[in-house]
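J.: So you can see what is in the structure, the chains are spelled out below.
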Amino acid sequence: MRHFALTHYRVRALTAAVAAAALVTACGSSYDDDDDAAGDGDGSASAGGGSLTVMIGSSGEAETRAVQDATARFTEETGTEVEVIPAQDLVQQLQQGLAGGNPPDAFYVSPDRFRMLAEGGSLYPYGDRIEDVDDFYPSLRDAFTYEDELYCAPKDGGVHALVIDTDAWAAAGLAEADIPRTWDDLAQVAQTLTTDGRVGLAFTGDYNPVGTFMLAGGGFFLNDDQTEVTADTPENLATLRYLEENLDAGTFAFAPTIDAAWGGEALGSGKSAMTVEGAWVVGALQTDFPGRNWMAVPMPDGPGGSGSTAFTNCWGIAEASENKDAAVDLVNFLVSAEEQQTFAEAFGPIPSRSSLAGWNAETYPEKAAFAEGLDSSRSQVAVPGFESVLADFNTQLEGMAAGTVTPEQALQALQTNGEALLAQE
Amino acid sequence: MVGTDMTATATREPSARGHGSSRRRRVSGHRLQERRAGWVFVAPAVVVLVVFLFAPIVMAAWVSLLDWNGQSSPFSGDAEFVGLDNYRNLLVDAGLLRGDFMLSVRNTLYYVLFGVTGVTVLSFALATAVNSWVLKGRGYFRTIFYFPAITSSVAISVLFLFLFQGSGVVNVMLSWVGIDGPSWFNDPRGVLHIVLSRFGMDAPPSWLADNTLGGLSLWQWVSGPSVAMCALIALTIWASSGTFMLFFLVGLQDIPIELEEAAAIDGAGAWRRFRHVTLPLMRRSVVLVITLALISSWQVFDQVFILSQGAPAKTTLTPAYISYVRSFGDGQFGVGAAVAFVLFAIIIVLTIVQRWIGRERRA
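Taken in sequence, the protein lines are chains A and B. Numbering-wise, the working numbering puts 280 at position 280 of the first sequence, and it's gapless, one number per residue. Numbering-wise, the working numbering puts 31 at position 31 of the second sequence, and it's gapless, one number per residue.
Where hints are given, some of them may not hold.
Claimed, not checked - Subject to a maximum C-alpha distance of 25 Å in a straight line, what follows is the list of computed SDA-like cross-link-like pairs (lysine to any residue):
(1) A:K271 to B:S73
(2) A:K271 to B:D78
(3) A:K271 to B:S183
(4) A:K271 to B:V170
(5) A:K271 to B:G178
(6) A:K324 to B:G178
(7) A:K324 to B:D78
The hints are simulated quantities; they were obtained by calculation from the structure and are not laboratory data. Model, not experiment: these values are computed from the prediction.
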C-alpha cells in the first residue's frame, strides 16, 4: 500500500538513523545480523533452474517475514526457488530494474503507479489466469484494469474508516447510538469531543482523506474513466466548504497543524479524538500507542451517499520476466484464500477476496469497518503524472487550513493543473 | 643525461646533418614512448571519468530531450524524441511545472544566500578560534567541530526533525524565555512576510503583487525563506561548518607568524591585524569555501527528502527534489533530466560570477 509506505516513512527514517548510530558504536556488526534475519533467499536462489525474484515494499519485519514464509511454502510445493527482496524504496528500485531490462519477476504495484507501468508495457497482463478471479472485490479489480484488461491480482484491500478514541468518546458522554451516520452528525460529535488541547477530528491534510470526503459528497478529482478532470464542481465545492467550516470552527484539523505527522499519530497521542485512516493504522496504533483504546466505524454518509477511497496493491509480473508461468503460479498461490488468511494474521492486511469478508469480520471485528464498503469504494487516481498535480492540491489544502486559499481557488488550481496534464497525455 | 648523450653522438657522427636528424629521430621516439607511457598511466583515470562521468552526462543530456518513462532503454528508440519541449515546459510555458520550478529557484536562492553566508562566517570563526594560541585543548575542539561532517546527513536530519517539532527541544527552550515558538515545519509564510505582518502589512503593495517574474509575483519572490527553510539552513550550516573550518584552518596556518608579529610591533590592534593582514591573505581560502558551499547548496536534496518533502506550501522545494519527484514519482524522466541541466547551468553561471567578484586584483 502506497499510503502505508508513506506514513511509515518517518519510522523507516528513524530506523535508518538508529542503524547509523549502531554503526558508529558497533562498527557494522549489525549488517550481518540483518542478513541472517532477512534471508533464506540469497544463497539458494541461484541453485534451482526455475527461480523467481520477488520485490516487495515492506511495511516492516513482520510483512517481510510473512512473505518469505509464504514463498518458502511455495518452494516446498513446486520446487521453484523464490528470492524475496524487501526494497528500501520500491518505486526507485523497481524503476532501475525496468530501465536496465532486468526487473524482478513479481513485485508490489500500487494503483497510482499501475497505469504508468501498464502503459509502458512493463506489466504482463495475467488477469485471465487468476484463479477464481470474480471473488476479488470489483473496486480492487478496477484499480488494476487498463483498457478493459485486468493486469494483476490485488493482494489486499481496504477503505478509509472513521477511527474513534473510545475513552474520549465515553468521557464526552457519547454512546453507541451517537456514532455519526451523516456529515451533520460528524460535525456535531466533533464539536462535542473538542476540548482544550484536543480537536474532535484530525486527519492528514492531503488529497487522500479529502478525496474520501469528496466521494461521499458526490464528487471526485476525475470522472469514472479518468479521462476528464471533475475537480471544479458544485459537489466538491460543497465538500471543501464543509471541511473549511469545521476547520475554522476548530473542531476539525489537519494533523500537521496540531503537530502530528499523520492522522494515526494525532489519535494515538491524544491530540484528536477521531481520525480518518485505512487499515494500516491498526498496526501503528498497536505498536506506537498500545494504551489507546479505539474503534473503527464506516465513514459517515455525505450529501452524495456513502463513499470512501480504496487502497490496495497488486502482484505485478514483469513483461520482461523469463519465468512468467512460474510467476503466475506463485501469485495464484499468494492470493489464495489460505495464504491471505495467513498474511492477515501475520501483519494485518485486509484480504482482497470477498469470500473472506465474513471470516475477516468475525476474526478481526475491530478491522471490519476497513473492509465495509469495499464494493462501492473508488481507488486512487491512476493517471501517470497526477502525483504532482495532487501534491499541488495538498499545498492548496494547507493554504485553505491556514485561511490564505479559498475552496474555490483550491479547486480551480486543481482543475487547471489536471486539465493541462490530461491534455499532454 | 642529455648532455653526455649528445657528446657521444657528436663523436660518433661528426656530420651536422646526420647529427641533427638522428637526434630528432631518437628524441621524438623517446617522446613518443613518453607520451605512450603517459597515456598508459592516466588511462585508468580517463576510463573511469569517461565511463562514470562524461558518458552519463551525455546520456542524461539525451534523456532530457526525450519523453521517457524510465521503463525501457532510452537508446532503444521506444521513447519519443520531443526536442526542447521539456525545457520549454520548465522555463517558458505557464503551468504547474514552471510554477514549481520557479518556487524552487526562489527557495534555493534564499537557502544559498543565508546558508553560504552563514557557513562561511561560522567556519571562519571556528577556524580562527581553534587556530588561536590562547585556546586550551585545540585538538579536542577541532575534533568536536569536525564531528557533524562525519555524521550521516540522514541521522542529522532526523535529529533536527525532533529538535524542531512543535513540542520539540527548540520550542521548549524558547518557552523558558517566554517565547511561544512557531510550529517550525508548518508555517507556509516567508520570514519577511511574517515580519511585515507584525507591522500590519498583510497584503502586498500592488506593484509587488502585479509584476511577475517567471510566473511568480515579485511579492512571492521577496517572501524570504519560510521558517521550515530557516531550520534547513541552520542544519546545513551546522553540518558543513566543520569541513569548511578545515579549509580555513589550512589557510590560517599558512600565514607566517612573523607577519602578525611585525604588524603587532607596528602597533596594529587585534582587529586591524585581522582586517589588514589575515583577511587579505585568506582571500583564496574564502573564495574556495564560497565556491564549494555554493555548489553543494544548489544541489541540496537529502535534507529536503527526509525532513519536509517540499512542505509547507512548497517552501522547501528545491530543484534537485523536483528532479527526483518528476522522474520517479511521475515517470517523467525527461523532465527530471532537464531540471538537472538547468540546475547545472545555474551553478556554472553563479560560480563564474562569484569567482569574478572574488578574483585577485593586482594594481
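J.: Honestly, which of those hints from before does the structure not fit?
T.: As far as the earlier hints go, 1, 2, 6 are violated by this structure, in ascending order.
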